[in-house]
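Novice: One letter stands for each residue in the lines below.
There are 2 protein chains.
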Amino acid sequence: MADQHIASAFDRDLEAIQARIMKMGGLVEDAIRKSAQSLEARDEEMADEVRRGDKAIDGLEELINEETARLIALRAPTAIDLRVVLSVLKISGNLERIADYAKNIAKRTGVLAQMSPVNDSAAALRRMAREVELMLKNALDAYIQRDAELADDVILRDREVDQMYNALFREFLTFMMEDPRNISACMHLHFIAKNIERMGDHATSIAEQVVYLVRGERPDDTRPKADMTSVTPIAE
Amino acid sequence: MADQHIASAFDRDLEAIQARIMKMGGLVEDAIRKSAQSLEARDEEMADEVRRGDKAIDGLEELINEETARLIALRAPTAIDLRVVLSVLKISGNLERIADYAKNIAKRTGVLAQMSPVNDSAAALRRMAREVELMLKNALDAYIQRDAELADDVILRDREVDQMYNALFREFLTFMMEDPRNISACMHLHFIAKNIERMGDHATSIAEQVVYLVRGERPDDTRPKADMTSVTPIAE
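Those protein sequence lines, which keep their order, are chains D and V. 0 is the number of the first residue of the first sequence in numbering that gives the first Met the number 0; add one for each residue after it. 0 is the number of the first residue of the second sequence in numbering that gives the first Met the number 0; add one for each residue after it.
If you are wondering where the hints come from, they were derived from the structure by calculation, not from laboratory data. Glycine included, C-beta positions come from ideal geometry on N, C-alpha and C. Certain hints may be false.
Said to hold, decoys possible - Here are the simulated EDC-like cross-link-like pairs (lysine to aspartate or glutamate), alpha carbons at most 20 Å apart as the crow flies:
#  : chain 1 : residue 1 : chain 2 : residue 2
1  : V       : K89       : D       : D200
2  : D       : K89       : D       : D12
3  : D       : K193      : V       : D200
4  : D       : K89       : V       : E43
5  : V       : K89       : D       : E95
6  : D       : K54       : D       : E44
7  : D       : K89       : V       : E95
8  : V       : K89       : D       : D99
9  : D       : K54       : D       : D29
10 : D       : K54       : V       : E216
Said to hold, decoys possible - Covered stretches of chain V, going by a simulated chain D footprint (3 or more residues, C-beta under 8 Å):
#  : segment
11 : 67-79
12 : 169-177
13 : 182-192
Build the full structure now, drawing on both the sequences and the hints.
Specialist: See the structure below:
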């Protein structure tokens, strides 16, 4: 097996898999954008499109995993080559999770469309989703170009997304306390905010893979966790 | 490289990695149990123990990933052997995520200890966590014994956990609507319920890996998704 390891054959196979990762990434970016747009516009058709589109993304992940296993079996990569190949599995897993969150948001659009809008929360959520979509785009660009500095930038920007989430969490609490009729809608909106925040975590995880691939060590894990809602008592 | 592939050496290496997976699994089961116990008993010291213990679990995942990469590089496994090795990576990833959820629950214990208890919610959450802990234990036993029927059973039981979550979701909404002073605590309790439900999803994902390893095909993906809260409007 290992005798057949010819650098160019490995590179060619890897390029094909990375092209598929980029295709999957494009579909996931669309899903993020459309899930947030359909929420703001109360567009149930667009939300359905996101829900239906998830199958194609799951299919791509399966395909990438199979091709990656075949690449390992055929080319028996070692050292840095192996690290690159294993990072493909992690990244396709991250992308699949982000798409799941987008699908989950799309599911809630139908329910929320039947309720009164809560202030301008949907617009705030769309802005937050837009930021995460950009983070993902840059994380994938950083991956393809092995650009650790761009990846560092993505990792830093995750804190802004966490701060957006914290602000929304407080806003939702206030709306619920002001008027119990807001409770139901705010529970859904809060879930959506948390889902977008988690998408940001997965984009960050891709960026961290890039840093690891380029520099050979994990990014500083003393990075502060900026979602403080779990440890902050809320004034009542 | 491939010439060095001796069946017994591969088996020995794999066994060592699987022993580490079981060790990690034991720590994660403890974290699930203790996070729920500390919540119910308002025991902040035990909650701190869970938070501090997460580092050891993360360390084990790193170690397992490195050993797995080394195994692939050294032994160049193919076909079913490769599939088994790749499943190790998925399972260690699932375990790490479950431990993260337990840590997140433990973080909220300190905040909730400062608020009035909301009915007997903490006891209900502890029962739900107990069910998930058992699912995880059985999923890991099924993995080590390659027991697809035990894995099927775990997959089925995930629906019960989803139903427990749905019931709690409705309960929290009711408590919040009845008395706005419950809103803050219920937001945290609801998060905890969702975290436990997600732990169940990860235990199920491990069971699905087992089915795939033993039968060579993924479990029926028409399995109904029983968390219905995202699509159910709540009567107000």
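Novice: Does each hint hold? Answer for all of them.
Specialist: Now for the hints, and whether the structure bears them out:
A hinted pair counts as satisfied when its Cα atoms are at most 20 Å apart, and K89 (chain V) with D200 (chain D) qualifies at roughly 18 Å. Using a Cα cut-off of 20 Å, the hinted pair K89 (chain D) and D12 (chain D) holds, with the two alpha carbons roughly 18 Å apart. Restraint check for K193 (chain D) and D200 (chain V): satisfied, since their Cα atoms lie roughly 18 Å apart, inside the 20 Å limit. Taken as a hint, the K89 (chain D) and E43 (chain V) pair is broken in the structure, with Cα atoms around 35 Å apart against an allowance of 20 Å.
Between K89 (chain V) and E95 (chain D) the CA atoms are separated by roughly 13 Å; this keeps the pair inside 20 Å, and the hint holds. Between the alpha carbons of K54 (chain D) and E44 (chain D) the distance comes to roughly 17 Å, so the proposed pair stays at or under 20 Å and holds. Under the criterion of a C-alpha separation no larger than 20 Å, the hint pairing K89 (chain D) with E95 (chain V) is consistent with the structure, at around 13 Å. For the suggested pair K89 (chain V) and D99 (chain D), the alpha carbons sit about 17 Å apart, so the restraint of at most 20 Å is met.
The hinted pair formed by K54 (chain D) and D29 (chain D) meets the criterion: a straight-line CA distance of about 14 Å does not exceed 20 Å. Between K54 (chain D) and E216 (chain V), the direct Cα distance comes to roughly 17 Å. Compliance with the 20 Å bound is thereby established for this hinted pair. Here's how the segment 67-79 of chain V fares: 7 of its residues keep a CB closer than 8 Å to some CB of chain D, so the rule of at least three is met and the hint holds. Remark: the segment 169-177 of chain V is confirmed as covered by chain D, as 3 of its residues place a Cβ nearer than 8 Å to a Cβ of that chain, reaching the required three.
As drawn, the segment 182-192 of chain V meets chain D at 6 residues by the rule of a beta-carbon pair under 8 Å; at three or more, the given contact holds.
Checked against the numbered hints above, the structure violates only hint 4.
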